[in-house]
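Residue numbers (this note's numbering), protein chains in the order written: chain A, 1 to 213; chain B, 1 to 300.
A few of these clues could be false.
Within a straight-line C-alpha distance of at most 16 Å, the following computed EDC-like cross-link-like pairs (lysine to aspartate or glutamate) qualify [to be verified]:
hint	chain 1	residue 1	chain 2	residue 2
1	A	Lys179	B	Glu286
2	A	Lys179	B	Asp285
3	A	Lys179	B	Asp288
4	B	Lys298	A	Glu205
5	A	Lys179	B	Glu289
6	A	Lys93	A	Asp80
7	A	Lys179	B	Glu283
8	B	Lys153	B	Glu130
9	B	Lys153	B	Asp202
10	B	Lys243	B	Glu130
11	B	Lys37	B	Asp202
12	B	Lys42	B	Asp70
13	B	Lys156	B	Glu130
14	B	Lys42	B	Asp56
Think of the hints as simulated: they come from the structure by calculation, not from any bench.
It should be emphasised that the depicted structure is a prediction, and the values quoted were computed from it without experimental measurement.
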Amino acid sequence: MNARDPERIERYGAATRINHWIVAISFVLLALSGLALFHPALFWLTNLFGGGPWTRILHPFIGCFMVAAFLLLSVKLWRDNMLQQRDWIWLRKIGDVVNNREQNLPEVGRYNGGQKILFFTIIVCLACLLLSGILIWRQYFSGYFSVDLVRLGALAHAFFGFVLICAIIVHIYAGIWVKGSIRAMTRGWVTPGWAWKHHRAWFREVTRGIQQR
Amino acid sequence: MPLQSLDVVRRSATTLPSPEVRGAHTGQVAKLIDTTKCIGCKACQVACMEWNDLRDEIGTCTGHYDNPADLSEHSWTLMRYAEYENPKGDLEWLIRKDGCMHCEDPGCLKACPSPGAIVQYANGIVDFQEENCIGCGYCIAGCPFDIPRISKKDKKVYKCTLCSDRVAVGLEPACVKACPTGAIVFGTKEDMTQHAQERIVDLKSRGFDQAGLYDPAGVGGTHVMYVLHHADQPLLYSGLPEKPRISPTVGLWKGVTKPLALFAIAATAAIGFLHYIGIGPNETDEQDEDAARREQEKTP
Ligand code: HEM
Ligand code: SF4
Chain A
1 MNARDPERIE
11 RYGAATRINH
21 WIVAISFVLL
31 ALSGLALFHP
41 ALFWLTNLFG
51 GGPWTRILHP
61 FIGCFMVAAF
71 LLLSVKLWRD
81 NMLQQRDWIW
91 LRKIGDVVNN
101 REQNLPEVGR
111 YNGGQKILFF
121 TIIVCLACLL
131 LSGILIWRQY
141 FSGYFSVDLV
151 RLGALAHAFF
161 GFVLICAIIV
171 HIYAGIWVKG
181 SIRAMTRGWV
191 TPGWAWKHHR
201 AWFREVTRGI
211 QQR
Chain B
1 MPLQSLDVVR
11 RSATTLPSPE
21 VRGAHTGQVA
31 KLIDTTKCIG
41 CKACQVACME
51 WNDLRDEIGT
61 CTGHYDNPAD
71 LSEHSWTLMR
81 YAEYENPKGD
91 LEWLIRKDGC
101 MHCEDPGCLK
111 ACPSPGAIVQ
121 YANGIVDFQE
131 ENCIGCGYCI
141 AGCPFDIPRI
151 SKKDKKVYKC
161 TLCSDRVAVG
171 LEPACVKACP
181 TGAIVFGTKE
191 DMTQHAQERI
201 VDLKSRGFDQ
211 AGLYDPAGVG
221 GTHVMYVLHH
231 ADQPLLYSGL
241 PEKPRISPTV
251 GLWKGVTKPL
261 ALFAIAATAA
271 IGFLHYIGIG
281 PNETDEQDED
291 AARREQEKTP
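Excised from the complex, chain A in its bound form (with noise of 0.2 Å):
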């Protein structure tokens, strides 16, 4: 599979997709095991994880290991992230984006304009839930902090954790929306008239051959 094999475009690399689906599991364990104890109603979501004491010791584990699988993947997608003109006007018609009338939006990149509000979404949230997850973090740190910090803590994780959730949600959706995106992210590749009518600009590069990955 080459960037000009005419039937297959590669999008993801093995690394990258294994990259992707390590932050994609952990994310959906640190969902589940933070709403647990986010809400009453979500306690039962405790006994996923072998009760409340086991869910409190492993979340934040699982926390900081998802930060760091999600550096390694955002290294490798920052540059194609950056926001440019053409991704302010797709935003500013987001009517069309929805109502899949692709035929008005601009050319997209790599990516358009909702995946790079995502991506910096994610990485906002993930700053603020590793910073705020470390104030409350009982067992380690929250000893070495101000009561009233810890108590901002508390707030601003539940606060991030819900924003991020809300996020990843739209994340999963625009996948099953938009078909053939999943197969980008399981097997690797996705057909020219994908990269066509989702990503022209990203597609005139690599039939160019100018970007390949």
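Given the coordinates of chain A, assemble chain B with the ligands onto it according to the supplied hints.
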């Protein structure tokens, strides 16, 4: 164990009522600590250790009388000694028995994410049920009085129980029983408030015109109250908070924001579902493939 008491009026992280058919019909309880009668003998500390079978580490002298230096999972109550030079230039030794205040509106319980790890009985006592504790330490952030302590060994939090086990069978708390000067008394909240008023009248007649009762309204009142010589300056008593209340940050964290956030998460997923049903997926068809192929062929 906690539910057997049938008088649980509040239970942490629980949205429906707990068994609470037994009420406190003879009145809620309160412990009144009269700092003006306390001689700092620490009999109460010892009684607490004995009744609850607690032995703290033997520490080192920190230069003052407080020993141990702070509350811990093994020391649920502690005498704190403050040296205060009053405006007349006289030294006053303000001794306060520190420990859980048994708030009517307990911040610890509000913050706790584990169902039934903290309960409040009809008589007002706030009790930790360690078998349900997950060790997150949220109660420490929730408490306005810096009371709960987490054990390094079992990662459970501990604090004064107001001898709920003794009170349940009609005995007074161990510290009350041990106090040689009657500085700690125990009874219904009503009786204790009244007794405090008598003490305050007496103190005022003897020149302590700021004497008063510490029963802070910010936490709905407490089931451990103090008579203070300087009720206008509680901070003199080793940092007793002036206007304690559940921190607004904790209120926001544990308030309506939580169900609202859950609703928003569910709504986000629901909107996705409706979008899929209403507008439908964005698919790539043969025309797109053809267009792509034409471009690929044109490109050198
Ligand atoms: C980045 C590293 C992270 C660290 C160090 C961390 C740490 C913590 C800690 C210490 C707690 C307190 C409960 C406990 O002891 O388990 C907690 C709770 C929680 N975490 Fe995280 N976490 C991290 C990432 C995340 C992520 C990515 C999410 C979202 C998916 C998340 C969602 C939550 C939620 C919802 C709670 C419950 C908050 C509440 O009770 O209001 N965390 N986290
Ligand atoms: S003093 Fe602290 S630990 Fe005691 S009931 Fe009030 S909030 Fe809970």
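List of violated hint numbers, smallest to largest:
Numbers 6, 9, 10, in rising order.
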